[in-house]
Amino acid sequence: MFSDEYARYSPYFYIDEEQFPIWEFCNEGDTDAKPLSDLANWKGMNMVAYLECYPKSQDICGEINCDNQGIEQITRLHFLMLEDASIQNLVNLDELLLKK
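Offset between the sequence shown (1-based) and the working numbering: plus 195.
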């Protein structure tokens with residue numbers, strides 16, 4: 196299961212403060228990996244590429260000096276599987292996708 200614990204893109208992954216079910220593809224050999232066949236309805240799901248982006252918490256002093264050079268951004272690409280209803284929820288909340 197995927198957890199949006201860092202970026203917390205509310206309301207996109209949440210319904211009433213609860214994150215809806217999201218499954219993440221992982222690398223072969225990951226200790227938490229499970230085969231798709233273990234997920235009963237995986238053939239009815241959709242794949243989404245998700246770019247997670249959030250500011251890294253940091254001290255004001257860096258390795259060289261104490262000048263603040265701006266906030267470092269963390270970005271990670273995730274490949275997720277969502278149920279049809281969850282995809283529709285994402286579409287309904289996205290202003291760009293709703294423009295005609």
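Treat each hint with caution, since some may be false.
Restraint-style ranges between C-beta atoms, simulated for each label pair [to be verified]:
1. 294 x 229: 31 to 41 Å
2. 226 x 252: 21 to 31 Å
3. 235 x 267: 39 to 49 Å
4. 238 x 287: 22 to 32 Å
By construction, these hints were calculated from the structure, which means they are not laboratory data.
Ideal Cβ positions, reconstructed from N, Cα and C, are used throughout, including at glycine.
Structure-based check of all given hints:
1. 294 x 229: 31 to 41 Å: 38 Å, holds
2. 226 x 252: 21 to 31 Å: 27 Å, holds
3. 235 x 267: 39 to 49 Å: At 41 Å between Cβs, range holds.
4. 238 x 287: 22 to 32 Å: Roughly 24 Å apart at Cβ, these two residues keep to the hinted range, so it holds.
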